[in-house]
Each structure stands twice: as structure tokens, then as C-alpha cells.
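J.: Using the hints provided, position chain B relative to the given structure of chain A.
Protein chains in written order, with numbering that gives the first Met the number 0: chain A, 0 to 553; chain B, 0 to 491.
If you're looking for bench data, these hints aren't it; they were derived computationally from the structure.
Don't take each hint at face value.
With a cut-off of at most 20 Å between alpha-carbon atoms, the simulated SDA-like pairs for lysine to any residue come out as follows [as the list claims (entries may be wrong)]:
hint : chain 1 : residue 1 : chain 2 : residue 2
1    : B       : K403      : A       : T347
2    : B       : K397      : A       : G352
3    : B       : K397      : A       : Y350
4    : A       : K436      : B       : E234
5    : B       : K325      : A       : R405
6    : B       : K366      : A       : T349
7    : B       : K325      : B       : D346
8    : B       : K6        : B       : S41
9    : B       : K252      : A       : T457
10   : B       : K325      : A       : S451
11   : B       : K403      : A       : T349
12   : A       : K552      : B       : S41
13   : A       : K495      : A       : T457
14   : B       : K252      : A       : D542
Here is what each chain is made of, one letter per residue.
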Amino acid sequence: MPVIEVYPERLSRFLGIDVGLKQLVEDLPWLGTDIEDVGEGFVKIEYNPNRPDFSSHAGIARAYAGFLEIGLGYPEAVFSSPKIEFHFDSRLRGIRGVLCSAVVRNVELAEEDLKEVINVQEVLHQGIGRNRRKVSIGIHDLDKIRPPVYYMAADPDVTSFKPLGIERRMTLNEVLREVDKGLEYGHIIRGFDKYPVIVDSSGEVLSFPPIINSELTRLTPETRNLFIDVTALDEYYASRALNILLYVFKDMGGSIEAVKIIYDDGSEKTFPDFKLKTMSVEAGYINSLLGENLSNAEIYRSLLKCRFSVVNDGSVFKVGIPPYRVDIMHNVDLVEEVAIGYGLWRLTPTYPGASTIGLKHPETMVQDRARLIMIGLGYTEVFNFLITNEDQNYRMVRRPVGERARLANSSSVELTMLRDSLLPGLIRNLSSNKHEKYPQRIFETGPIVRVSEGSVVTRVSLAGVSVHSSASFSEAKSVVLSLLNNLCVERVLFEKSEDPLFTPGRAAKIVFNSSPLGVVGEVHPEVLELNGLENPAAGFEIDLTPLVEKYSKR
Amino acid sequence: MESRVEKDIVDALRRAGRALGFSELCLLTGLNESSAASAVSSLSQKGLVSVSTRETKYARLTGEGEYHSRNGLPERRLVKLVLENRGVMALEDARKAYRDESFFTIALGWLRRKGWGSIRAVNGVPHIVVEKEPPEGVDETVVRKLASGPLDVSLLNTEAVKLLSGRGIVRVEEKVERLVSLTEAGRLVELKVAVTQLTPELLRTGEWRNVELKPYDVTADVEPVYPGRLHPLTEFIKEVKEIFTEMGFTEAKGPLVESCFWNFDALFTPQDHPAREMQDTFYLSNPSSTELADRQLVERVRRTHENGWETGSTGWGGEWSEEAAKRLVLRTHTTCVSVRYLYEHKDPPVKIFSVDRVFRNERVSFKSLAEFHQVEGIIMDRHVTLRDIKGVLTAFYKKLGLEKVQFWPSYFPYTEPSMNSVVYVPQAGRWLELCGMGIFRPEVTKPLGIDYPVLAWGGGLERLLMLKLGVTDIRILYQNDLGWLRRVKLCL
Numbered sequence: 000m001p002v003i004e005v006y007p008e009r010l011s012r013f014l015g016i017d018v019g020l021k022q023l024v025e026d027l028p029w030l031g032t033d034i035e036d037v038g039e040g041f042v043k044i045e046y047n048p049n050r051p052d053f054s055s056h057a058g059i060a061r062a063y064a065g066f067l068e069i070g071l072g073y074p075e076a077v078f079s080s081p082k083i084e085f086h087f088d089s090r091l092r093g094i095r096g097v098l099c100s101a102v103v104r105n106v107e108l109a110e111e112d113l114k115e116v117i118n119v120q121e122v123l124h125q126g127i128g129r130n131r132r133k134v135s136i137g138i139h140d141l142d143k144i145r146p147p148v149y150y151m152a153a154d155p156d157v158t159s160f161k162p163l164g165i166e167r168r169m170t171l172n173e174v175l176r177e178v179d180k181g182l183e184y185g186h187i188i189r190g191f192d193k194y195p196v197i198v199d200s201s202g203e204v205l206s207f208p209p210i211i212n213s214e215l216t217r218l219t220p221e222t223r224n225l226f227i228d229v230t231a232l233d234e235y236y237a238s239r240a241l242n243i244l245l246y247v248f249k250d251m252g253g254s255i256e257a258v259k260i261i262y263d264d265g266s267e268k269t270f271p272d273f274k275l276k277t278m279s280v281e282a283g284y285i286n287s288l289l290g291e292n293l294s295n296a297e298i299y300r301s302l303l304k305c306r307f308s309v310v311n312d313g314s315v316f317k318v319g320i321p322p323y324r325v326d327i328m329h330n331v332d333l334v335e336e337v338a339i340g341y342g343l344w345r346l347t348p349t350y351p352g353a354s355t356i357g358l359k360h361p362e363t364m365v366q367d368r369a370r371l372i373m374i375g376l377g378y379t380e381v382f383n384f385l386i387t388n389e390d391q392n393y394r395m396v397r398r399p400v401g402e403r404a405r406l407a408n409s410s411s412v413e414l415t416m417l418r419d420s421l422l423p424g425l426i427r428n429l430s431s432n433k434h435e436k437y438p439q440r441i442f443e444t445g446p447i448v449r450v451s452e453g454s455v456v457t458r459v460s461l462a463g464v465s466v467h468s469s470a471s472f473s474e475a476k477s478v479v480l481s482l483l484n485n486l487c488v489e490r491v492l493f494e495k496s497e498d499p500l501f502t503p504g505r506a507a508k509i510v511f512n513s514s515p516l517g518v519v520g521e522v523h524p525e526v527l528e529l530n531g532l533e534n535p536a537a538g539f540e541i542d543l544t545p546l547v548e549k550y551s552k553r
Numbered sequence: 000m001e002s003r004v005e006k007d008i009v010d011a012l013r014r015a016g017r018a019l020g021f022s023e024l025c026l027l028t029g030l031n032e033s034s035a036a037s038a039v040s041s042l043s044q045k046g047l048v049s050v051s052t053r054e055t056k057y058a059r060l061t062g063e064g065e066y067h068s069r070n071g072l073p074e075r076r077l078v079k080l081v082l083e084n085r086g087v088m089a090l091e092d093a094r095k096a097y098r099d100e101s102f103f104t105i106a107l108g109w110l111r112r113k114g115w116g117s118i119r120a121v122n123g124v125p126h127i128v129v130e131k132e133p134p135e136g137v138d139e140t141v142v143r144k145l146a147s148g149p150l151d152v153s154l155l156n157t158e159a160v161k162l163l164s165g166r167g168i169v170r171v172e173e174k175v176e177r178l179v180s181l182t183e184a185g186r187l188v189e190l191k192v193a194v195t196q197l198t199p200e201l202l203r204t205g206e207w208r209n210v211e212l213k214p215y216d217v218t219a220d221v222e223p224v225y226p227g228r229l230h231p232l233t234e235f236i237k238e239v240k241e242i243f244t245e246m247g248f249t250e251a252k253g254p255l256v257e258s259c260f261w262n263f264d265a266l267f268t269p270q271d272h273p274a275r276e277m278q279d280t281f282y283l284s285n286p287s288s289t290e291l292a293d294r295q296l297v298e299r300v301r302r303t304h305e306n307g308w309e310t311g312s313t314g315w316g317g318e319w320s321e322e323a324a325k326r327l328v329l330r331t332h333t334t335c336v337s338v339r340y341l342y343e344h345k346d347p348p349v350k351i352f353s354v355d356r357v358f359r360n361e362r363v364s365f366k367s368l369a370e371f372h373q374v375e376g377i378i379m380d381r382h383v384t385l386r387d388i389k390g391v392l393t394a395f396y397k398k399l400g401l402e403k404v405q406f407w408p409s410y411f412p413y414t415e416p417s418m419n420s421v422v423y424v425p426q427a428g429r430w431l432e433l434c435g436m437g438i439f440r441p442e443v444t445k446p447l448g449i450d451y452p453v454l455a456w457g458g459g460l461e462r463l464l465m466l467k468l469g470v471t472d473i474r475i476l477y478q479n480d481l482g483w484l485r486r487v488k489l490c491l
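Okay, chain A solo, but in the shape it has when bound (with noise of 0.2 Å):
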């Protein structure tokens, strides 16, 4: 989650009035923010990616404002008609076919100011721009841009610009290859034949969204006016993005003029869209929902607070959104707003009435009782990843590498398929234990999951491994019977078995209603060896499966 350090005097800036930093801490979180950290002179606060808007000390103070009642009602930004012209070629439709501008004059940007724009921008690419791709914003210093501009497509071995912070030019495809941000980017566009770009009347880039800014029209600490684009897929998240832009830089004191775009066919559209978008909802539902009986009045009063527009008729409220905001899509998100406008703090805990009866589930049930039985039998509990790998799930313990659930994209070689078995897991857990003090028993019930005809079977497990000087097969066999008698399971068989894992001639496959139900022997000295142990042992693996079935049934 995004963070952001803020500071009691800039805020202060913003909202026009003193705060301090003790009462920042205590009420930012009612903002729907985490407070971090406090350090010195500053509260670092955690929001959430629905309210980008939070992403500077303005915006921040937009939402304090209300809160504080010294700022009520939708913050209103106005925007000069245009004067330049923005042209869109037809051919990056399929490429990267949205496109938003602006223009902002005689801004003033102290450093702060521009590290917070650089910030805004940044967490905008993060989130609504999900990493460049989905929407990705360029500002430039309009002085030294020749209007009218043209957002084009282009050639990637032939257009070529000096990218920012290099001093040389180089194609599109040179920057994709060499420059940092074309090596992090450049698979957004990587597969299209032509890439876009944005060059002036004179024919000079001045970006290759979503990649890189040219060096031509680099922010300097003297520039005043400036010129914005968004290139996007999605039309509302570009200009929405933009529109959180130009609210920071209305803040700021700068004046927003308009842009118009031009399409091939001669159609126009003018940015920002400033419209407010609006909601209706209604009393009973922000009531019910709340479990409150606010008033009217209340509601009105807590939707101001949250910087809406707000018209009542009766208890219906039609509600306009701030063009800032991004995360109102249904008129339920007006319910929270409201809760957090009245005050969470203020809504008093209540129990809910309905009358139910509790159960715990089959499986929990048996593993349960499972449990008690291994306890009572001396073994203690021990409790694996469910997540393993090929050499610790079958080469470690002599089995053969079988059909399993394998994961796609893990980051670990270690994290690479789901546990077929448990009794690896417990081998493995006796190795790293051999400086404890013997006899040592240990048991695990938990799920396993294989993989049978392209489907997923997932099985509830338990497992027991004893080992000491004496362990053995006879030793498990009891341990099985005991535990097996004690679950009311009776009457099962026992067969050769072969399974690797144990020594030839002492392990036994366990049949049950004449289905397999679990396996019990010495553990092969190949298996102790391999697992660096000196002393014998014999476990068993039990299928729970069937006695959960049972319980279901019940």
C-alpha cells in the first residue's frame, strides 16, 4: 500500500489553517489512513489504492478540510478554453488509443512542490495506471514545445529523440534496449509495430509513452507553465488520473487551460472533464446498512464533509462526485462516505440477534480426535508447509517423482509443487532435529493434494514417525491399530507393501473396506542416510478422507 510523509506546516499550507502534529496522528485515520510512523516534525501515513488523490499534502488536505468542517462541499477547479491543439493519429488505436491533455500556467514549483508532483505522477502509474500500462502521464515544460502537437504513430528504428538524462538520441527501439526505463516498460509496447509518440509542430519528440520523456522539455526549477499528456487504454482512468494531477497543481496556484484533442475523422473532445459525476442514494439504505437512524439533515452534513456535492429532496440524495475521486462506483461507497463524514467512532457496537446453532466441521472433528489419540500416544505435533518440492517430496525419501500439482510461477526452487505425502515432511523434520533428546515421536494431520486426470484431489492426512534405538515395524503397527481402534476403525488388513520410502519386507500397505487407506513400515536406512539419521524408524501415513466422509453423513 502507498505511503506518504506529511508534514504539519505544508499541510497547514493547503488547508489555510494552523495543525499540529498530535493532531494530525489522531485525526488521520479517521481519513481511512494508517498512521505508519510518527517521526520527527512528520506522521507517515499508509492510504489505501482506492484514493490516489492522497497521494500529496493538497489532496490530503482537500479530505481534512471537510473533516475538520473548514472545507465543505465539492472543491470546485475551473479551466480556461483552449489553445492548443492536440492531434491523434487514427493508427494507435489498437496501440494505446486514449488520450487526455492539459495545460497548466504560471505555477510556481518550489522543489517540495515538484518532488510532490514527480509523487502524485509515480503513484498514479502504480495504481489506477497499474504500472504504466493501463495509463501513463507526461509533463513537460510547455515553453519549449512549438503547439500544435501531434500524438503519433511511429516508426521504432527510424523516430528517434534525445530520451531525458541522455545525451545522445536514439531510436525507439534503441531506448527499449538500453535505457533503464525502456528496459522496465518496454513490454507494454514491445509487440506492436509502431510505437507511439508525441512530437510538436517542429517535429521534435517530446515523449515516448509510456517509456520516457525527452530531454527537450525537462522541468527546471524556472519552469512556469506546463503541458501535460495522458495516454491510456481506458478513458476514465486517464482522465481521472489527470484530473487528480491538475487538482494538485490548482492547489499548488496554478491555472488549468483546456486541450483540445483532434481526431483523424474531425471529431474533437476537450480535456479535463470537470463534470461531476452523479449518484442518487437513499436515507433508508445508508440507515439499514449503518444500523444508525441518521437524519436528513445528518446525512447531508456528512456527504458535505466528504467534499460531495449533495442536493436533498426528502431522503433521497443525489450526490455529485469530485472529478478526483476514483473509487465511487455504486452508491453504497456514499454509505461509507457518510459513516466516515458522521464519524466511525460514533457508531456504537451492537450484536446481531439471529439465534444459530455452532458446529465445527467433519474434518476438524476427526483431525481433532486424530489428535488427542497421537498426543496420548506420546507423539507430539508438528505442522509443514503444504507447499514443497520435487528432491524433498519424493528423491529424499526414494519415491518415484509422481503426477503432482505443480505451481507456474513461483519465486523460490524450493517452493515448487504441492505435498503428495506427509511423511517426507516428518523425515525431514527428524533431520533437523537430531540434537534433541531420544525416543523422538512426531505426528502431522493436515491436507495433501494430488493431481488424478487433469483434476485436483485433495486428501485429509495423518502421519506418525517414531525413532529411536528400537523403532520398529511393530512398534508403527501398534501405534496404527491403537490409533485406528481408538477412531472406531475395525476390522482392516494389512499387505506387502512396496513403497520405497520403508525397507523391503517391513512395510505394509493398510486396506480398509478393501480400499487403501494408508501405508506402515521401517523406514528404508537409504531414506535414514540420505536424511543424515543414526538412529532407526517407523512411521505410518493414514488417510483420513473416509472417517470426514462418515461425519459428513452424520
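T.: The following block gives chain B in isolation, referenced to the frame of chain A:
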């Protein structure tokens, strides 16, 4: 408190009614010298016996004496021989019939001296005449007593000893010996044998009454023993499950390997959501996908994602891919278990919970694991509210011993309104962010056919357990270090 050996010694002294020399004591008790010596020393320390030394004279048989002790004194043998011949026997005949000729003269001398017989001439020939069998003489008594070993001369007839010594049958030796006698306390004390282990034999015979069980040093260290026991995770999971069932919740279970459809799409998580990316979620390569059974449900979910369908939502826009929904993942939360359950149980009230494994494709470190447990609770009913979540959670935490709770606004893709809670953990002395919660969005419930509000909350299990156990590295919970498992304290 005395040992069996000590008791035997005291008993022997009591029976004798006098001081006993050490060797005599061994003889009477059948003890070997070293065990008798240590017992005497122990008794002496306790003031029950006193030990002094004395010089004693011992009489023992010589080699010749041994011979006579077996066969009788020479004169006794001669008497017997004569009596066998009706009491009168020619001297020369007797000499010939006497077996040991060398002793004959001695025998004849002592016969006359002891007055057991006489020499008389019969028809001018000397004969030995014996009237009757003489009784055992004091010298013979001494020989008999010495047959079983040397004895203190004071126990024997002094004259006889002197006589026998003169005859070379007995030798008198002098020896310094420890003399053991009972003290006043030793005479009066009531002795019981000290026994370490109460045996079946002692119980069966009733002998336990006559013995005393030796007291132990109850402050001494003993060998540690370890019970077979449950893993702390299991103990804590059991506790949580019991709390839920006590509160009337039913446990739900669902697949560990789940389709993206149930893990994400049914929960209105957009298909390009970062949580669905490869670096966050484990996808399967074998098998890699599954069929989605309920076509109508799939269509409703598709439309909800694309344009909101009938839920009143705008949806996420874009195109929803069924192929992406069919991909199999290791479930990243248990909320998919809950929505599957709700899909199958649409009639209110439904109160379910799960405490189960979930997976995240994360780097394992001291604070995060790729595999861990999530606790989740769900209430679906006609009139449940956000305030009810606060109430249920407060009750739930209280049962866990967590009395202080705070709720803050938060965000999750599938709940609205959303909150999270922080609880004060007294064992750790700090606040812990514990559960996310909220009311399922209509975009989640409507496509499943659920018409009532659904309260949902969930959170990680391990972090709370870590605070309870006082461990700072989450990995210890799955290391299965037997030393830790045997010794860790889970004080609830």
C-alpha cells in the same frame, strides 16, 4: 532410618546381649566385611553403637587338631576299639588293630590318665580293660567347637585349651579386634529398614510395614520429561474455532486450490488488480485451469465486472476474460470459501467461519510467509449492519482476552463500507492491526443470488499467536524445532 544391613547388625547385638567382635559379628549376620564395616560406621555416627578395640586370644585347631576333630581324639578311638571287643583286649592285639600306630602310645597314655581304662595282666598277658563308654570330655568339647573355626578363648574351657595346646592339637593366637557394642540409644531405638523403592514384593508380603521408605531430597533436580503435545498453532486454532462455535458459527471448508473465479472474480476483484499478478499469487501449471460449472453465474459475474449488471454499479469497465477466471491458484484468502458457502446457502441467517491456510507468492522473512492461516467470519441475515460487525468483533476479541478494540475506516475491493480493527494485546503491551472487515459489496452478493447484507471480517492468525507466544520471527511457527515444540509455553 536404617538400611537393612544396619538393622541386621543391631539385631545381632541385641540377640547376643553383649559386645561382639567384628569378625564374630560378620559370622552371626552373614555379612561380608566391607558392608558390615560401613554399616557399623554409619550406626556409630548415629550414636547407636560404640566401637572399641580389644586384644583377644583366639584358639584354633592345628593340622593335627583338624585330623582329630574329624576322627576323634586318639584315646577316644582306643576306648571305642576296646569296647568293640567286650571291654577286654590284649595290648598287643589292640596295638595291631589300632589304625594309626603312631598315636597308639599317646592314646594308651591318655586313656590311663583320664581313667577311662586300665592295664591288667590276664594269664600273664597285659590287657586293656574298659568298663564303659566315658562321656565327652571338656577337651573334646573344645575341639568340637573349634571345628567350625577359631574362637575367642574366653568362650572355651581354659584348662582344656591349655591341655590341648600342650598336646599340639590347638594353637592359641593373639589378635587386636574392634569390639562393637550397643549404646543406650542403640538398645532402645526402634529400627525400621530403609527402602528406596517400594516393590511389589514388599506390598504383597506386607513387609512394607516393617520398612521405612527413604526420604528424598525433594529440592533436588530431576530429569525433564516432555508430553506428546499439540503444536501451538493447532492449540490456538482450536481456541479460535471454539470461540466461533460458542458464538453460534458453523465452520466452512473449501478448496485450497481454487479458480481465479472464486478467489478473485466472484469477489469483484478486477482482472488487472495488482493482487492477481504473478508476483503476488501462486498460479498452478499442473493442472493450470478448471471448468466453471454454473454458466449463469459466470455470465452475471462477467456483466457485473464489465458494466455493473443489475447491481447498480458502474463495473470496472473493459472486457472480462473467462479464460483468466478459469486459471487455478492457491487461494490467497479464505473469503472464497465464504462466498462459495453463501452461494450454496442463500437462506438467512447464515453464520459461518473458517480458520485455514492461505498462500501468497511472497519472499519468506521474519515477518512474512508464503503460507499462513487466515481467520474469517461471515454473517448473512435480513437486517445486519455495520454496527453489528463492531459488536460481533468486540465479543470475539473479548473471548480471546483482548478487551481494547478500535475500528477505523479502511478499504477492500469486495466490502463497502470497510473497516479495520486494532486491538491491544496485553501480553505484548502494544496495539496490533488485526482484522479487515466490512459489508460485502452488492457487486459480490447480487450475482451469487444473495439478497441480504453479508458482514465479513478476516485477518491473519499467526501475528496474534506470535504476540501471545512472545516470538518475533514468524518462521519459528513452521520450523518444527522439537526443542521449541517441547518447551514452548502457550499461556492462554
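J.: Does the alpha-carbon distance linking K397(B) and Y350(A) stay inside the 20 Å limit?
T.: 13 Å, holds
J.: Next pair to validate is K252(B) with T457(A); report whether the Cα-Cα distance is within 20 Å.
T.: 12 Å, holds
J.: Is the hinted pair K403(B) and T349(A) satisfied, with a Cα-Cα distance of at most 20 Å?
T.: Judged against 20 Å, a Cα distance of about 16 Å means the pair holds.
J.: Going straight from one Cα to the other, do K366(B) and T349(A) come out at no more than 20 Å?
T.: Outside the cut-off at roughly 34 Å; violated.
J.: Would the pair K252(B) and D542(A) pass a check requiring their Cα atoms to be no farther apart than 20 Å?
T.: With Cα atoms ~18 Å apart, K252(B) and D542(A) stay inside 20 Å; holds.
J.: Can you confirm whether the C-alpha distance between K436(A) and E234(B) stays at or below 20 Å?
T.: 23 Å, violated
J.: Given the hint that K6(B) pairs with S41(B), does the C-alpha gap stay at or below 20 Å?
T.: 11 Å, holds
J.: K495(A) and T457(A): Cα distance at most 20 Å?
T.: 26 Å, violated
J.: Does G352(A) sit within 20 Å of K397(B), going by the straight-line distance between their CA atoms?
T.: 18 Å, holds
J.: Against the 20 Å threshold, does the CA-CA distance of K403(B) and T347(A) hold or violate the hint?
T.: 14 Å, holds
J.: Tell me if the straight-line CA distance from K325(B) to R405(A) falls inside 20 Å.
T.: Given that 20 Å is the threshold and the Cα spacing comes to 16 Å, the pair holds.
J.: Holds or violated: K552(A) and S41(B), Cα atoms, limit 20 Å.
T.: 74 Å, violated
Hint check: violations occur at hints 4, 6, 7, 12 and 13; the rest are consistent with the structure.
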